[in-house]
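Asker: Listed below, chain by chain, are the residues.
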Amino acid sequence: MLILLVLACAAIGIPLLALWGDGRRGAALFIGFNTLTLLAILALAVQVLRDGAFTIDGGQFMVDDLSIVLVLVDGVVALSTAWFSRSYMAQEIVHWSLSRRRVRLYHAMFQTFLTTMLLALLTNNMGILWVAMEGATLSTVLLVSLFRTAEGLEAAWKYFILCGVGLAMALFGTILLYFAAQKVLGHGADALLWTHLEAVRGQLQPQVMAIAFIFMLVGYGTKIGLSPLNNWLPDAHASGPSSVSAVLSGLLLNVALYAVLRAKVLVDGALGPDFAGRLLMGFGLLSLLVAAFSMLRQRDVKRLFAYSSIEHMGLATFAFGIGAPLASFAGLLHMISHSLTKSSVFFSVGQAVQSVGSREIQRIRGLLELSPLLGWALMLAVLFILGMPPSGLFLSEFLIVASTLQVQPWLTPLLLLGLGVAFAGIFPRLQGMVFGSAPEGIARQPVSGIIPVFIQLALIIVLGTFIPWMLVQWMQHAALLLLHG
Amino acid sequence: MTITAQGLTWGIPLLRLLAALLLLLAFAMLAQRRLLTLIHLLAWQGVVLAAGTALVALLTGQTELWLSAALTLSLKAILIPTVLHRLLRRLQVRGDVEAVLNIPLTLLAGIVLVIFAFSLAAPITALTGAVTRGMVGIALAAVLLAFLMMITRRKAISQVVGFLAIDNGLFFAATSATLGMPMVVELGVALDALIGFVILGIFFFQMRETFDSMDLQHLEQIREE
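So the sequence lines, in the order shown, correspond to chains A and B.
Per this note's numbering: the first sequence = residues 1465 to 1949.
Per this note's numbering: the second sequence = residues 551 to 775.
What the hints contain is simulated information worked out from the structure, not anything from laboratory work.
Some chain A residues near chain B, calculated using beta-carbon distances under 10 angstroms:
no., residue
1, Ser1603
2, Ala1620
3, Ile1639
4, Gln1646
5, Leu1656
Keep in mind the model is a prediction, meaning the values are calculated, not measured.
We put the beta carbon where it would ideally sit given N, CA and C, even for glycine.
Whenever a hint applies, use it, and build me the whole structure from the sequences.
Answerer: Here is the structure:
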């Protein structure tokens, strides 16, 4: 029942925020609903810890070791974002003179997005998973164009069309999956349930499954931001409010990768591990390299970190493609560390952009002088995203490189090249932004919205140094699940 | 799913006829310059789709598919085209006729896409019984043709028509090739289509407000350095 409670806590917020989501009340309600959801998620995690994976409602909803980890991260990032959004949006509302209606739209759409993310993770039905992903796209289109600038509209249009077409491909893949499943499981609602499919995955028609997986990989891969389908991602991240950029990078990309992983388990059973694994490694490595080199020529700070998200998702995708238990473990660790770190980066970058009034990297200077709290937040978050110890990303990147050396040694130089170029793309810019003297005539703004960054940074250090035993246990089980079903 | 022998003799050829019509309409859209006619073609595709769903419902005796057919008819054949039609008038898109790339060349590319779709679907088709043979290929071809249309158009409305046509092709795959997806999934997909359409409507007005035009050429400001 706790699964339904989690979804209900999130879903009830949508109509209420649509009605009363403006002013101080709106921000408080937004935080309130996400606190409730996180509490429900924690209760769910305790139950999973006690009972292990389970399904409810005739198998329609499911939680297992893979999804609970992502649901937990989802809850934490959602609450931090709600907290950050309160002070951040208060300033933006003044700056863009947003109407009360538009603020209600913002909160309601945001809550819809968070609900669809949880639904995607907790459903057992591959069809509903698609519906939730499409819902997530639709709810974020109007958030990207919230400020109604020409740039925002362009980004939102591109996002809508590219992701819409991508998801259409994923739907075709899902239809083909059902087509293959029908032969084994018969006609009816049960034939798309993941747990049922997984039980008979060896009997699914290999030819159909291969084509189905390619369509799903291309479709959901568009949402992961895999190259060459990543065009929408930097635009959408740059133009929308920073709170939206944080959840796009922190939650949406992860959930899209999760969808691909669920499909991978099924196709592995039908075709053996090499087929899906090689595709994932290829797309992952390509995205990593393309994004790393693109970073070198960015002048917009939010675009820079959007490309960094593509790089990290590429790395995680690559890790899952390697097909060793250690690599899958590292991939999961990378996903959750990236989620926490990148949302922290976007919180602090958003605050910095708001203070300085420009997204151009060259105009953001001397943040430590402007506001020590903000300067430290940005510096630590960016150092962590670069994979500096003791962050969780250091550990996961180390493990990914180590298992690449073990399994596919000739790919290691390419991997290291990508990581090195990405470092060169970000690190020099960081110094300019944080140190030096602040530009003249900038009023200090309240930075209380930055506090969740430090909480998340603490969590990331925990992930990098001393991972709690239950997380280790979940991720180990999930890694095995991804390899052997 | 079982289909009676009687149904097999007339039902399956009729379903094939509808599939062919769907593909024909997809080609017609590719060649159509006038936005108004484009919307009419989309509506006809909706009608074909609803007829196909109703036929499958009749042949297999699944009552829930009747609901799906009714939903398709009201949504894809009536509501969405009507709204698009009114949007076109309300927004007064200048020049009903749109400059399109070389049409014969586009059609040739379309033929290549159809061949590609059929060859891609061949291994799947080989596995199925006589009933749904070729349906996956036709649906995939319709999807790819709509995709091609989206790429070659510049007006926001024709891109949306292309988007909806992709949706039609997918829907056809779902009903005719698999004889109906699970109801909960179909309802979800329909709901998403509806919400997406509402959001597009809002979006059009935002675009109109900001650019005073519906031409996507205005949307080319973000350039990478």
